[in-house]
Structure formats: C-alpha cells, structure tokens
Amino acid sequence: AQSVTQLGSHVSVSEGALVLLRCNYSSSVPPYLFWYVQYPNQGLQLLLKYTTGATLVKGINGFEAEFKKSETSFHLTKPSAHMSDAAEYFCAVPSYNQGGKLIFGQGTELSVKP
Amino acid sequence: NAGVMQNPRHLVRRRGQEARLRCSPMKGHSHVYWYRQLPEEGLKFMVYLQKENIIDESGMPKERFSAEFPKEGPSILRIQQVVRGDSAAYFCASSPTGTDNTEAFFGQGTRLTVV
Numbered sequence: 001a002q003s004v005t006q007l008g009s010h011v012s013v014s015e016g017a018l019v020l021l022r023c024n025y026s027s028s029v030p031p032y033l034f035w036y037v038q039y040p041n042q043g044l045q046l047l048l049k050y051t052t053g054a055t056l057v058k059g060i061n062g063f064e065a066e067f068k069k070s071e072t073s074f075h076l077t078k079p080s081a082h083m084s085d086a087a088e089y090f091c092a093v094p095s096y097n098q099g100g101k102l103i104f105g106q107g108t109e110l111s112v113k114p
Numbered sequence: 115n116a117g118v119m120q121n122p123r124h125l126v127r128r129r130g131q132e133a134r135l136r137c138s139p140m141k142g143h144s145h146v147y148w149y150r151q152l153p154e155e156g157l158k159f160m161v162y163l164q165k166e167n168i169i170d171e172s173g174m175p176k177e178r179f180s181a182e183f184p185k186e187g188p189s190i191l192r193i194q195q196v197v198r199g200d201s202a203a204y205f206c207a208s209s210p211t212g213t214d215n216t217e218a219f220f221g222q223g224t225r226l227t228v229v
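Chains as they are written, first to last, in this note's numbering: chain A, 1 to 114; chain H, 115 to 229.
Check before you lean on any hint, since a few could be wrong.
Covered by chain H, according to a simulated footprint, are these stretches of chain A (three or more residues, beta-carbon under 8 angstroms) [unchecked claim]:
id, segment
1, 79–86
2, 102–114
Which chain A residues face chain H? A few, computed with CB under 8 angstroms, are given here [stated by the list, open to error]:
id, residue
3, G62
4, F63
5, K69
6, F90
Since the hints were made in silico from the structure, they are not lab data. Quantities reported herein were computed from a predicted structural model and do not represent experimental measurements. By construction, the Cβ of each residue, glycine as well, lies at the ideal position given by its N, Cα and C atoms.
Generate coordinates for the entire structure from the input sequences, incorporating the hints supplied.
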C-alpha cells in the first residue's frame, strides 16, 4: 500500500533562507507525487506534481521538487523564503487503481521569520 | 470558471444534531472526493463519488456518516447525531477524471464545530 511520510511537523526559516520540506513515499510502483499548500483557513492548492519525465519539477511561487527514485523522496525546496510562504504543506500520493483518491502526509507547517 | 464551492464555511452544531455539508464541483468535473482534517493532522480520505454512485467509501465511519452525489445538485456529506469528535474541517475535491495523475481541485472546506 502507498504511504507518505513528511519529516518535521514544524519548520522555521528566516526570510531569504532556503526552504527544504522533506517527503518520502512508499510505493510498489513508480508513483505520481503531489505537493499541496494550505494557507490558514483555506483549502488546498496544488504547488506542483510529478507524473513522468523530468525528475525536477517546477511549481508555482518559486517552489520546486526533485523526484529521487533511489531515495524514494520528493523533497520540496525554495531558494529564498518569503513571508507569504508561511503555510502548511502536504505531500500526497494517489492510492493506485482507486480512482485518484489521495494519501496525504501529516503535513509540515512552515514559519518564516523576518 | 468557479472553483469547488463548499458551504457553509463554518457550521456549529450541538451534540445529537445533524450536519449537512455541501460541495459543488468545478464545472465539467464528475468525480468528487471528501476528506476530513482533524486538528493537528493531515487529510484523511473519506469517500469517492461519481454522479449517482459511491465508488469508494472505505474511509467513511460505519455509522452516522453518509454521502451522496445526485444527478442534479451538489454532493452532500451528512453526519447524523454529531458528537464532539466530529469537529474537524471537511474538504471536498473534484477532478475531471478519476485517474491517478489528475490534479484534484479543493474547496475551501467546511469547519464543523460540535458543542
């Protein structure tokens, strides 16, 4: 069965610093992978997704993620954090052959200090 | 093209009452998913519906919870005889197809508080 683990429920960075949010997946088949962002009291918005092809995926707001099969990882990065990046971030993987329902990680709350 | 619309945004119910949560998918989307987010937790899948059909309800509690997606109108998540433990944010997502690599678009959620 597919699963997703996000290391670190809270990450705090200074404005302008590198953002690194970790996601590891467990899957018996090559996965599709998603990163979603949730701002306070809002729904989830897709940041980026990996399906096939290039392993470095660029998303919105300057975020990117690299699919590393050998490490079963899909870590999210951004070179320079902005105050507006403060939010909760979720990594997700589809539950295969079950119509696209998503399995989410526990979430990582990102705080950005001035 | 309006996004996924959920209402109400906030719902307060007393223990024992019924809660009805509505979700209108994006135009052209026939696949609807409901998720629950408990405090300090990630989203957990509840149910997957297509028009007039429940495809997967493996995440639904066995009692008090039901969902429907009629031919006309929004999808409804119904919770009967609510208890304090039902307090959570309930999110609906829709997609045009039910395939694994298709982005799901989320609504803003309904935050249910049981008092």
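Hint-by-hint comparison with the structure:
Counting residues of the segment 79–86 of chain A whose beta-carbon sits less than 8 angstroms from any beta-carbon of chain H gives 0, not enough to reach three: the coverage restraint is violated. Closer than 8 angstroms: that is the beta-carbon criterion, and the segment 102–114 of chain A has 6 residues meeting it against chain H, so the requirement of 3 holds. The restraint placing G62 of chain A at the interface with chain H is violated, with a minimum CB-CB distance near 19 angstroms, outside the 8 angstroms limit. The beta carbon of F63 of chain A comes no nearer than 15 angstroms to any beta carbon in chain H, farther than 8 angstroms, and the hint placing it at the interface is violated.
Among the interface hints, the one on K69 of chain A is violated; its C-beta lies about 16 angstroms from the nearest C-beta in chain H, farther than the 8 angstroms criterion. Interface restraint check for F90 of chain A: the shortest CB-CB distance to chain H comes to about 6 angstroms, inside 8 angstroms, so the restraint holds.
Hint violations for this structure: numbers 1, 3, 4, 5, all remaining hints satisfied.
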